[in-house]
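Engineer: Chain by chain, the residues:
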Amino acid sequence: MPFARNQWYVAAYGEDIGDALFGRTICGEPILFYRTADGRVVGMADRCVHRRYPLSAGSRVGDRVVCGYHGFTYDPDGSCVAVPGQSRVPRTARVPSYPVVEQDSLIWVWIGDAAAADSAAIPRAPWLDSPDYTTVRGMEPLAARYELLVDNLMDLSHETYLHAGYIGTPEVAQTPITTETDEDAGVVYARRRMKDVECPPFYANSTGIKGRIDRWQDIEYRPPCLYLLHSRIAPTGLEPGPDGDDSAANHAEIVYAITPETEHSTFDFWMVARDFARDDEEVSAFLAESNRTVVLQDVTALNLLEQAIAAEPEGYQELSINIDTGGLAARRMLHRLIEQS
Amino acid sequence: MTSEGRVPDMKGGFQVPGVKRGFQVFWQPGSDILTGTCHCGAVVRAEDPIGVWNRLLAHPDHGPEAR
Ligand code: FES
Ligand SMILES: [Fe+2]
Ligand SMILES: [Zn+2]
Numbered sequence: 001m002p003f004a005r006n007q008w009y010v011a012a013y014g015e016d017i018g019d020a021l022f023g024r025t026i027c028g029e030p031i032l033f034y035r036t037a038d039g040r041v042v043g044m045a046d047r048c049v050h051r052r053y054p055l056s057a058g059s060r061v062g063d064r065v066v067c068g069y070h071g072f073t074y075d076p077d078g079s080c081v082a083v084p085g086q087s088r089v090p091r092t093a094r095v096p097s098y099p100v101v102e103q104d105s106l107i108w109v110w111i112g113d114a115a116a117a118d119s120a121a122i123p124r125a126p127w128l129d130s131p132d133y134t135t136v137r138g139m140e141p142l143a144a145r146y147e148l149l150v151d152n153l154m155d156l157s158h159e160t161y162l163h164a165g166y167i168g169t170p171e172v173a174q175t176p177i178t179t180e181t182d183e184d185a186g187v188v189y190a191r192r193r194m195k196d197v198e199c200p201p202f203y204a205n206s207t208g209i210k211g212r213i214d215r216w217q218d219i220e221y222r223p224p225c226l227y228l229l230h231s232r233i234a235p236t237g238l239e240p241g242p243d244g245d246d247s248a249a250n251h252a253e254i255v256y257a258i259t260p261e262t263e264h265s266t267f268d269f270w271m272v273a274r275d276f277a278r279d280d281e282e283v284s285a286f287l288a289e290s291n292r293t294v295v296l297q298d299v300t301a302l303n304l305l306e307q308a309i310a311a312e313p314e315g316y317q318e319l320s321i322n323i324d325t326g327g328l329a330a331r332r333m334l335h336r337l338i339e340q341s
Numbered sequence: 001m002t003s004e005g006r007v008p009d010m011k012g013g014f015q016v017p018g019v020k021r022g023f024q025v026f027w028q029p030g031s032d033i034l035t036g037t038c039h040c041g042a043v044v045r046a047e048d049p050i051g052v053w054n055r056l057l058a059h060p061d062h063g064p065e066a067r
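If you read the protein sequences in the order shown, they are chains P and E.
Those letters in the first sequence? Residues 1 to 341, by our numbering.
Those letters in the second sequence? Residues 1 to 67, by our numbering.
Be a bit skeptical, because a hint or two may be false.
[As the list claims (entries may be wrong)] Computed spacing ranges between beta-carbons, pair by pair: (1) ASP19/P - ALA58/E: 50 to 58 Å; (2) ALA58/E - ALA143/P: 35 to 43 Å; (3) GLY41/E - GLY241/P: 25 to 33 Å; (4) ILE50/E - THR36/P: 31 to 39 Å.
No lab work stands behind these hints, which were simulated from the structure alone.
Cβ atoms here follow ideal geometry from the backbone N, Cα and C, with glycine treated the same way.
Only chain P is shown next, with the shape it has when bound in the complex (with noise of 0.2 Å):
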């Protein structure tokens, strides 16, 4: 399946790229990003224009790139301001340069028609970089397509096998599932709300909850990149108030970023916002550590998966049951989006 293009892309966390050179493949183009000097991040295409020499293996001078090969200097738009050996720069020499927002603390980049780029496009994930919420997250490289990873977040059934004893409760594969799709805005949704069920020692460790649980988990997925957990935990019982006040609860916001790099490979981005146990440093540990384990689950799972898919003809065959009906929705919108593009 090839890429949507005329997209937003997560590429990076904020703190990934700063003054050094900084190479990533999105979407099957690879891709330099750098911090200038007044804290701007830049994209261009790492591929000199000279000899496609990766610019990401070169150096910087002030907030210009110097090819490691031969010496071609960039500015940050891209242009190229110097060669070696005569004082004639071709007017040709230049290489693309890439829509860059810097915003909830992600780095997203514009894959497709530069003119076309529209930040107010971005879908936001404020909890990433809000005061009120802690965060633990970190990237996992999957060698499997995107879509198995699309897949794989809209049916979170697989919780209950795959990731017993983590996240993962007999009630998961129980509770009532509605999927809802907001067809003009492009977004899947799927919520499942658990009434007085067990902790599972995510959630049990960390909000420090003794007992029973009501356990929401709310999806929103923003095709093509962007997946958003809204999970809220609360004794069972504890209904937010009248006026929407929901304080007394505690709330995780499990962010995925599914970035693809190549056809057969995708950026797994993770990332856990909690509004509870915010200075708890152990806490954090522990999020982190077991969100980790989870994710490399799926990783293991995954890149078994593409294994078993590539060697297959194309056009294999799938069964879908009613479990897969918010996978279908979103696969749906991604073929949409590659219409388009």
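Once you have looked at the hints, place chain E with the ligands on chain P.
Structural biologist: Coordinates of chain E with the ligands only, in the frame set by chain P:
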């Protein structure tokens, strides 16, 4: 649990506010039936997710038993 499934969430209609054009599918695990609701109010039932999406996406022609 009945094979018809229950539709408790439908009381309030769509759960996500402000959606003009959209669909809802309700499923009670254990039930074989998926219940779909279109933004036009039509309700369809199917025994598999491909069937329920197809009938919803056929809007406004949701088929004979839609109500
Ligand atoms: S390849 Fe970059 S200067 Fe020659
Ligand atoms: Fe998983
Ligand atoms: Zn309809």
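Engineer: Now tell me, hint by hint, if it's right for this structure.
Structural biologist: How the hints compare with the structure:
1. ASP19/P - ALA58/E: 50 to 58 Å: Given a distance of about 56 Å, which is inside 50 to 58 Å, the answer is holds.
2. ALA58/E - ALA143/P: 35 to 43 Å: holds (39 Å)
3. GLY41/E - GLY241/P: 25 to 33 Å: holds (31 Å)
4. ILE50/E - THR36/P: 31 to 39 Å: violated (50 Å)
Comparing the model with each earlier hint shows a violation of hint 4 alone; every other hint is respected.
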